[in-house]
Amino acid sequence: MRFEWMLACLLLITAPVWAEVVDMPVEYRAGETVMQGYLAYDNALDGRRPGVLVVHEWWGHNDYARKRARMLAALGYTALAVDMYGDGKQADHPQDASQFSGEVTRNMEIAAARFDAAKQLLQQQPSVNPDDISAIGYCFGGGIVLEMARRGVDLDLVASFHGSLGTGDPAQPGQVKAKVLVFNGADDPFVTAAQKAAFKAEMEQAGVDYQFVDYPGAMHSFTNPGADDYGTRFQLPLAYNPEADAKSWAELREALERRYQD
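Take 1 as the starting number for the sequence shown in the working numbering and just add one per residue.
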(Lines of atoms letter the chains of each structure in order from A and count residues from 1; the text may use other names and numbers.)
(Lines give C-alpha, C1' and ligand atoms only; values in the text may rest on other atoms or scores of the structure.)
Protein backbone atom coordinates (compact mmCIF):
# COMPACT_ATOMS: atom_id res chain seq x y z
CA MET A 1 0.00 0.00 0.00
CA ARG A 2 2.85 2.33 0.94
CA PHE A 3 4.62 1.52 -2.35
CA GLU A 4 1.47 2.37 -4.34
CA TRP A 5 1.14 5.68 -2.51
CA MET A 6 4.80 6.54 -3.18
CA LEU A 7 4.40 5.59 -6.84
CA ALA A 8 1.37 7.85 -7.15
CA CYS A 9 3.33 10.75 -5.65
CA LEU A 10 6.23 10.11 -8.01
CA LEU A 11 3.92 10.15 -11.01
CA LEU A 12 2.47 13.45 -9.88
CA ILE A 13 5.94 14.94 -9.49
CA THR A 14 7.17 13.75 -12.87
CA ALA A 15 3.93 14.43 -14.79
CA PRO A 16 4.24 16.83 -17.74
CA VAL A 17 3.19 20.42 -17.39
CA TRP A 18 -0.34 20.66 -18.70
CA ALA A 19 -1.68 23.36 -20.94
CA GLU A 20 -1.96 26.76 -19.31
CA VAL A 21 -3.66 29.65 -21.02
CA VAL A 22 -1.80 32.91 -20.57
CA ASP A 23 -3.91 36.00 -21.11
CA MET A 24 -3.10 39.68 -20.95
CA PRO A 25 -4.34 43.10 -22.07
CA VAL A 26 -2.35 44.64 -24.91
CA GLU A 27 -2.32 48.22 -26.10
CA TYR A 28 -1.76 49.14 -29.73
CA ARG A 29 -2.56 51.96 -32.12
CA ALA A 30 -4.56 52.45 -35.27
CA GLY A 31 -3.40 55.80 -36.53
CA GLU A 32 -3.75 58.20 -33.60
CA THR A 33 -6.32 56.05 -31.79
CA VAL A 34 -5.22 53.91 -28.87
CA MET A 35 -6.76 50.43 -29.00
CA GLN A 36 -7.17 48.07 -26.06
CA GLY A 37 -6.82 44.43 -27.07
CA TYR A 38 -6.54 41.17 -25.19
CA LEU A 39 -4.12 38.36 -26.06
CA ALA A 40 -4.48 34.71 -25.07
CA TYR A 41 -2.33 31.66 -25.84
CA ASP A 42 -1.21 28.33 -24.39
CA ASN A 43 2.34 28.72 -23.10
CA ALA A 44 2.81 24.96 -22.79
CA LEU A 45 2.91 24.65 -26.58
CA ASP A 46 6.16 25.01 -28.47
CA GLY A 47 6.62 26.75 -31.78
CA ARG A 48 4.43 29.01 -33.85
CA ARG A 49 0.74 28.36 -34.35
CA PRO A 50 -2.22 29.92 -36.20
CA GLY A 51 -3.62 33.17 -34.87
CA VAL A 52 -7.30 34.06 -34.62
CA LEU A 53 -8.77 37.54 -34.31
CA VAL A 54 -11.96 37.88 -32.25
CA VAL A 55 -14.18 40.87 -33.04
CA HIS A 56 -16.62 41.91 -30.33
CA GLU A 57 -20.38 42.45 -30.34
CA TRP A 58 -21.84 45.94 -30.61
CA TRP A 59 -21.50 46.25 -26.82
CA GLY A 60 -17.75 46.69 -27.34
CA HIS A 61 -14.61 44.94 -26.20
CA ASN A 62 -15.92 43.22 -23.07
CA ASP A 63 -15.29 39.97 -21.25
CA TYR A 64 -17.45 37.99 -23.66
CA ALA A 65 -14.96 38.57 -26.50
CA ARG A 66 -12.14 37.85 -24.08
CA LYS A 67 -13.77 34.58 -23.07
CA ARG A 68 -13.86 33.48 -26.70
CA ALA A 69 -10.18 34.37 -27.04
CA ARG A 70 -9.38 32.18 -24.04
CA MET A 71 -11.43 29.34 -25.52
CA LEU A 72 -9.46 29.55 -28.75
CA ALA A 73 -6.20 29.60 -26.80
CA ALA A 74 -7.28 26.41 -25.03
CA LEU A 75 -7.66 24.82 -28.47
CA GLY A 76 -4.05 25.65 -29.32
CA TYR A 77 -4.39 28.95 -31.16
CA THR A 78 -3.10 32.38 -30.24
CA ALA A 79 -6.12 34.65 -30.09
CA LEU A 80 -6.45 38.41 -30.00
CA ALA A 81 -9.72 39.99 -28.93
CA VAL A 82 -9.62 43.24 -30.87
CA ASP A 83 -10.91 46.70 -30.10
CA MET A 84 -12.87 48.23 -32.96
CA TYR A 85 -14.16 51.28 -31.04
CA GLY A 86 -10.90 52.60 -29.63
CA ASP A 87 -9.85 53.19 -26.03
CA GLY A 88 -11.59 49.95 -25.07
CA LYS A 89 -14.99 51.66 -25.13
CA GLN A 90 -17.95 49.59 -23.95
CA ALA A 91 -21.64 50.38 -24.21
CA ASP A 92 -24.02 50.08 -21.27
CA HIS A 93 -27.11 50.92 -23.32
CA PRO A 94 -28.26 50.07 -26.86
CA GLN A 95 -28.19 53.76 -27.79
CA ASP A 96 -24.48 53.91 -27.01
CA ALA A 97 -23.86 50.59 -28.74
CA SER A 98 -25.64 51.85 -31.84
CA GLN A 99 -23.60 55.06 -31.81
CA PHE A 100 -20.25 53.31 -31.33
CA SER A 101 -20.91 50.66 -33.96
CA GLY A 102 -22.33 53.18 -36.42
CA GLU A 103 -19.21 55.33 -36.19
CA VAL A 104 -17.25 52.33 -37.45
CA THR A 105 -19.62 50.80 -39.99
CA ARG A 106 -20.33 54.15 -41.65
CA ASN A 107 -16.63 54.47 -42.46
CA MET A 108 -15.25 51.13 -43.55
CA GLU A 109 -11.83 52.66 -44.19
CA ILE A 110 -11.56 53.31 -40.46
CA ALA A 111 -12.85 49.81 -39.76
CA ALA A 112 -10.31 48.29 -42.14
CA ALA A 113 -7.45 50.28 -40.60
CA ARG A 114 -8.38 49.19 -37.09
CA PHE A 115 -8.78 45.59 -38.15
CA ASP A 116 -5.42 45.67 -39.94
CA ALA A 117 -3.69 47.15 -36.89
CA ALA A 118 -4.97 44.25 -34.79
CA LYS A 119 -4.00 41.75 -37.47
CA GLN A 120 -0.45 43.11 -37.61
CA LEU A 121 -0.16 42.96 -33.83
CA LEU A 122 -1.26 39.32 -33.84
CA GLN A 123 1.13 38.43 -36.65
CA GLN A 124 4.02 39.93 -34.67
CA GLN A 125 3.51 37.63 -31.68
CA PRO A 126 6.33 35.08 -31.16
CA SER A 127 3.78 32.29 -30.82
CA VAL A 128 2.07 33.03 -34.15
CA ASN A 129 2.75 31.89 -37.69
CA PRO A 130 2.07 35.18 -39.49
CA ASP A 131 0.86 33.35 -42.59
CA ASP A 132 -1.88 31.50 -40.68
CA ILE A 133 -4.48 34.05 -39.60
CA SER A 134 -8.25 33.68 -39.29
CA ALA A 135 -10.97 35.88 -37.78
CA ILE A 136 -14.26 35.36 -36.02
CA GLY A 137 -16.87 37.89 -34.96
CA TYR A 138 -20.11 38.18 -33.04
CA CYS A 139 -23.08 40.38 -33.90
CA PHE A 140 -21.41 43.65 -35.02
CA GLY A 141 -18.13 41.73 -35.16
CA GLY A 142 -19.64 39.12 -37.44
CA GLY A 143 -20.52 41.82 -39.92
CA ILE A 144 -17.01 43.25 -39.64
CA VAL A 145 -15.23 39.98 -40.43
CA LEU A 146 -17.52 39.43 -43.42
CA GLU A 147 -16.66 42.91 -44.68
CA MET A 148 -12.95 42.21 -44.28
CA ALA A 149 -13.36 39.03 -46.29
CA ARG A 150 -15.22 40.95 -49.01
CA ARG A 151 -12.38 43.46 -49.17
CA GLY A 152 -9.89 40.68 -49.87
CA VAL A 153 -8.03 40.82 -46.56
CA ASP A 154 -5.53 37.96 -46.40
CA LEU A 155 -7.34 35.60 -44.02
CA ASP A 156 -7.64 31.84 -44.11
CA LEU A 157 -11.10 31.60 -42.59
CA VAL A 158 -13.71 33.98 -41.25
CA ALA A 159 -16.69 33.01 -39.12
CA SER A 160 -19.66 35.21 -38.35
CA PHE A 161 -21.87 34.35 -35.38
CA HIS A 162 -25.32 36.03 -35.47
CA GLY A 163 -23.74 38.81 -37.53
CA SER A 164 -25.22 41.25 -40.01
CA LEU A 165 -25.16 40.12 -43.65
CA GLY A 166 -25.79 43.29 -45.63
CA THR A 167 -23.10 45.29 -47.40
CA GLY A 168 -22.67 48.31 -49.59
CA ASP A 169 -19.72 46.72 -51.36
CA PRO A 170 -20.56 43.16 -52.45
CA ALA A 171 -17.86 40.55 -52.93
CA GLN A 172 -16.40 40.36 -56.42
CA PRO A 173 -15.27 37.19 -58.22
CA GLY A 174 -11.76 36.21 -57.18
CA GLN A 175 -11.54 38.84 -54.44
CA VAL A 176 -12.38 36.80 -51.32
CA LYS A 177 -9.42 34.77 -50.08
CA ALA A 178 -10.99 33.33 -46.93
CA LYS A 179 -13.33 30.44 -46.43
CA VAL A 180 -16.52 32.03 -45.08
CA LEU A 181 -18.67 30.52 -42.34
CA VAL A 182 -21.95 32.08 -41.23
CA PHE A 183 -23.71 30.79 -38.11
CA ASN A 184 -27.16 32.35 -37.96
CA GLY A 185 -30.19 32.07 -35.71
CA ALA A 186 -33.13 30.99 -37.85
CA ASP A 187 -35.47 33.02 -35.63
CA ASP A 188 -33.29 36.14 -35.54
CA PRO A 189 -35.63 39.04 -36.43
CA PHE A 190 -32.65 41.20 -37.40
CA VAL A 191 -31.80 38.90 -40.33
CA THR A 192 -34.60 38.57 -42.86
CA ALA A 193 -35.20 35.83 -45.41
CA ALA A 194 -34.45 38.35 -48.16
CA GLN A 195 -31.10 39.20 -46.56
CA LYS A 196 -30.17 35.54 -46.33
CA ALA A 197 -31.06 34.96 -49.96
CA ALA A 198 -29.13 38.04 -51.07
CA PHE A 199 -26.06 37.00 -49.08
CA LYS A 200 -26.05 33.49 -50.52
CA ALA A 201 -26.47 34.84 -54.04
CA GLU A 202 -23.60 37.27 -53.45
CA MET A 203 -21.30 34.50 -52.25
CA GLU A 204 -22.19 32.18 -55.11
CA GLN A 205 -21.81 34.85 -57.78
CA ALA A 206 -18.39 35.76 -56.38
CA GLY A 207 -17.32 32.11 -56.28
CA VAL A 208 -16.72 32.17 -52.51
CA ASP A 209 -16.11 28.97 -50.57
CA TYR A 210 -18.79 29.49 -47.94
CA GLN A 211 -21.07 27.67 -45.53
CA PHE A 212 -24.31 29.08 -44.14
CA VAL A 213 -25.89 27.40 -41.12
CA ASP A 214 -29.33 28.35 -39.77
CA TYR A 215 -30.05 27.06 -36.26
CA PRO A 216 -33.79 26.42 -35.76
CA GLY A 217 -35.26 28.23 -32.78
CA ALA A 218 -32.16 30.38 -32.25
CA MET A 219 -32.52 34.14 -31.95
CA HIS A 220 -30.05 36.99 -32.07
CA SER A 221 -27.03 36.68 -29.74
CA PHE A 222 -27.65 32.94 -29.37
CA THR A 223 -24.02 32.30 -28.36
CA ASN A 224 -23.95 34.77 -25.47
CA PRO A 225 -25.12 33.54 -22.04
CA GLY A 226 -25.75 37.18 -21.12
CA ALA A 227 -28.21 37.68 -23.99
CA ASP A 228 -31.31 36.98 -21.89
CA ASP A 229 -30.36 39.68 -19.41
CA TYR A 230 -29.73 42.19 -22.18
CA GLY A 231 -33.03 41.26 -23.79
CA THR A 232 -34.99 41.68 -20.57
CA ARG A 233 -33.36 44.94 -19.54
CA PHE A 234 -33.70 46.63 -22.91
CA GLN A 235 -36.71 44.79 -24.37
CA LEU A 236 -34.69 43.42 -27.26
CA PRO A 237 -35.28 40.11 -29.09
CA LEU A 238 -32.11 38.49 -27.73
CA ALA A 239 -31.85 34.99 -26.27
CA TYR A 240 -29.11 32.54 -25.42
CA ASN A 241 -29.47 29.12 -27.04
CA PRO A 242 -27.08 26.57 -25.48
CA GLU A 243 -27.61 24.00 -28.23
CA ALA A 244 -26.92 26.43 -31.08
CA ASP A 245 -23.97 27.85 -29.14
CA ALA A 246 -22.40 24.41 -28.71
CA LYS A 247 -23.08 23.33 -32.29
CA SER A 248 -21.72 26.50 -33.86
CA TRP A 249 -18.56 26.36 -31.73
CA ALA A 250 -18.04 22.73 -32.74
CA GLU A 251 -18.45 23.72 -36.40
CA LEU A 252 -15.84 26.44 -35.99
CA ARG A 253 -13.45 24.13 -34.18
CA GLU A 254 -13.70 21.50 -36.90
CA ALA A 255 -13.28 24.06 -39.68
CA LEU A 256 -10.13 25.46 -38.07
CA GLU A 257 -8.74 21.97 -37.54
CA ARG A 258 -9.33 21.10 -41.20
CA ARG A 259 -7.69 24.32 -42.35
CA TYR A 260 -4.63 24.00 -40.17
CA GLN A 261 -4.13 20.26 -39.93
CA ASP A 262 -0.53 19.20 -40.52
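No lab work stands behind these hints, which were simulated from the structure alone. Beta carbons: idealized from backbone N, C-alpha and C, even for Gly. Warning: the hint list may mix true and false statements.
With a Cα cut of at most 20 Å, we get these calculated PhoX-like pairs of lysine-lysine [as the list claims (entries may be wrong)]:
no., residue 1, residue 2
1, K196, K179
2, K67, K89
3, K179, K200
4, K247, K179
5, K200, K177
6, K67, K196
Have a look at the derived ranges for each label pair, beta carbon to beta carbon [said to hold, decoys possible]:
no., residue 1, residue 2, range
7, Q99, A74, 18 to 26 Å
8, A112, P173, 40 to 48 Å
9, A197, E32, 40 to 48 Å
10, V213, P173, 20 to 28 Å
Hint by hint, here is what the structure shows:
For the hint pairing K196 with K179, the CA-to-CA distance comes to about 18 Å; that is within 20 Å, so the pair holds. The straight-line distance between the Cα atoms of K67 and K89 is roughly 17 Å, inside the 20 Å bound, and the hint therefore holds. This hinted pair checks out: K179 and K200 have alpha carbons roughly 14 Å apart, not beyond 20 Å. For the proposed pair K247 and K179, the alpha carbon gap of about 19 Å is at most 20 Å, so the pair holds.
With a CA separation close to 17 Å, the supplied pair K200 and K177 stays within the 20 Å bound. A distance of roughly 28 Å separates the Cα atoms of K67 and K196; the hinted pair therefore is violated under the 20 Å criterion. Distance hint check for Q99 and A74: the Cβ-Cβ separation is about 34 Å, which falls outside the suggested range of 18 to 26 Å. A112 and P173 have their C-beta atoms about 21 Å apart, which leaves the hinted 40 to 48 Å range violated.
Roughly 41 Å separates the CB atoms of A197 and E32, a value that falls within the hinted 40 to 48 Å. At roughly 24 Å, the beta carbons of V213 and P173 sit within the given window of 20 to 28 Å.
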